[in-house]
Amino acid sequence: MFSPVEKEVIALGAEAEIIKAEWWGRDTVIKRRIVKGYRHPKLDSEIRKERLRREVRLMRDARKAGVPIPVIYDVIPEEATLIFQFFPGERVMDCIESGIELDLELMGRFIGKLHGADITHGDLTTSNILYDPEKKSFCFIDFSLGDKTTSIEDKGVDLHLMREALIAVHENPIALYERILKGYREEFSDAEETISKVKDIESRGRYL
Amino acid sequence: MYTLGFEGTAHTLGVGIVDDQGNVLSNIILTYPATEGIHPREAANHHAANMSDTISRALREADTGVDDIDVIAFSQGPGLGPALRTVATAARAMSISLGVPLVGVNHCIAHLEIGRLVTDAEDPVLLYASGGNTQVIAFSRGRYRVFGETLDIGLGNMLDKFGRAHGIPFPAGPAIEQKAKKGSKLIELPYSVKGMDVSFSGILTAALNSDEAMEDICFSLQETTFAMLTEVTERALAHTRKSEVLLGGGVVRNKRLRDMASTMARERGAETYVPDGGLCVDNGAMIAWTGYLMYQAGMEITVENSHIKPNHRTDDVEILWRN
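Protein sequences appear in the order of chains A and B.
Each number in the numbering used here corresponds to the 1-based position in the first sequence with 316 added.
In terms of the numbering used here, the second sequence has 120 at position 128, counting the first letter as 1, and numbering is strictly consecutive.
Heads up, some of the hints might be wrong.
Just a few of them, taken from the derived set where beta-carbon distance is under 7 Å, the chain B residues facing chain A [stated by the list, open to error]: (1) 53; (2) 178; (3) 182; (4) 184; (5) 215; (6) 219; (7) 227; (8) 252; (9) 255; (10) 256.
By construction, these hints were calculated from the structure, which means they are not laboratory data.
Even glycine gets a Cβ: it sits at the ideal position worked out from N, Cα and C.
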């Protein structure tokens, strides 16, 4: 009863496994950073603990800045495990694909708030933002590549990743991107500088 | 149909000949004997002084005459300007005097293409670690994309700088590997993976300032930097959903790095491939083979357009020979 009942593996990334579970009658998600056999055991356990700490810190800061994130239920450093609220929604990517109306300007405002608080996400794509069509609410997930930084370049990389993600899968990417930027500009004072940085980053032709 | 390739991005002069079936007929590698690192001008002088001998040896070993060469390829970049210019000059001269097409090859891509040729890897993620270059590269949407790279210096360069401060002759990697075998204590060094990229300068400073036993510093240097590269390689595998890891470059001769990469691959159900000795380090055969592929795809260049590209980026090259 005290430990979560694991139900199914939702995702298996390079770094962590994401498991859907039930805990005290609630739907929860367990994110567990996997032990890497190639790494020195001491280094491995330090890295996993440190990444967990960093992720929790960024999630907390994002929440303070007014960006919706899942509620954290528990942090277990020894097991490099994070337990948080299961968000009943779909990836923004899938919502756009299936024609669900989304307030992309609002999503852009959240990205603006994130950058205004000097938080970069590090992997800001339409797969890492969830949307609940019933409550019309967003949820930002997976901050494991994020950072606390004032760097316009790093914030530009976030926008660039978003733009690339839209272009890769959606039909009308530029219009979608512009709607996001509209909200972004309203919320973040360095928006213009960051947006123009995206062109620099693109010309270097990397960051997929 | 024979292609002759020149490699000269750094301290290695390489001349190799391949046929159109992908047989490596010769692969002569001559290394400028630096003891304290590479001086670009001296490396260029070394290449110039040994050029005609090396070409003759390559032809002799391939059992072919100079008139049988149908295409000339050369390493156009990235690399040290003086060294690049020297081999480019030789390549242009040969192309003009024989009246055969000239192709400029990206050195990093050549490491990947030779791996695809001589190992069973078909569509791998390449972990390429040498003195000057440290990149994780894979084919995606028409290009070889860089999925991670060093933000400052190449891994080999970092090891060499550490070695030079401790009187270890260039290249320092092999001696560091031997010392590391006797080390066992993990010293804390800044593990710097930033997103998909790595950086080594902070680790170098920390290692240089450490007063721990030399064996333990070497051990920790390897454990830390190799784990960083392996992690970035795994991310690229997960991102691209590929299932092959190819290793290339001088630093991957290190057994510990190979072991880490193959352990990671095994844990993910992927395979690891390493080209044999002379095809894993800088060499002319890989330039020849990639040059042949490029020639087949219509990518020959005129002498006027054959300027060297010291900062040539992997993802600048349109990959017309792959679908």
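Right, here's what the structure says about each hint:
1. For residue 53 of chain B, the shortest C-beta to C-beta distance to chain A is roughly 39 Å, which exceeds 7 Å, and the interface hint is violated.
2. Contact between residue 178 of chain B and chain A, as hinted, is supported at the beta carbon level, the nearest pair being about 5 Å apart and thus within 7 Å.
3. Against a cut-off of 7 Å between C-beta atoms, the interface hint on residue 182 of chain B is violated, since the closest Cβ of chain A lies about 11 Å away.
4. Against a cut-off of 7 Å between C-beta atoms, the interface hint on residue 184 of chain B is violated, since the closest Cβ of chain A lies about 11 Å away.
5. The beta carbon of residue 215 of chain B is positioned within 7 Å of a beta carbon in chain A (closest approach about 5 Å), and the interface hint is therefore held.
6. Interface restraint check: residue 219 of chain B against chain A, minimum CB-CB distance 5 Å, threshold 7 Å, status holds.
7. The beta carbon of residue 227 of chain B comes within 5 Å of a beta carbon in chain A, closer than 7 Å, and the hint placing it at the interface holds.
8. Because the closest C-beta pair between residue 252 of chain B and chain A is about 4 Å apart, less than 7 Å, the hint holds.
9. The beta carbon of residue 255 of chain B comes within 4 Å of a beta carbon in chain A, closer than 7 Å, and the hint placing it at the interface holds.
10. Given the 7 Å rule on beta carbons, the hint for residue 256 of chain B holds: about 5 Å separates it from the nearest Cβ of chain A.
Checked against the numbered hints above, the structure violates hints 1, 3, 4; every other hint is satisfied.
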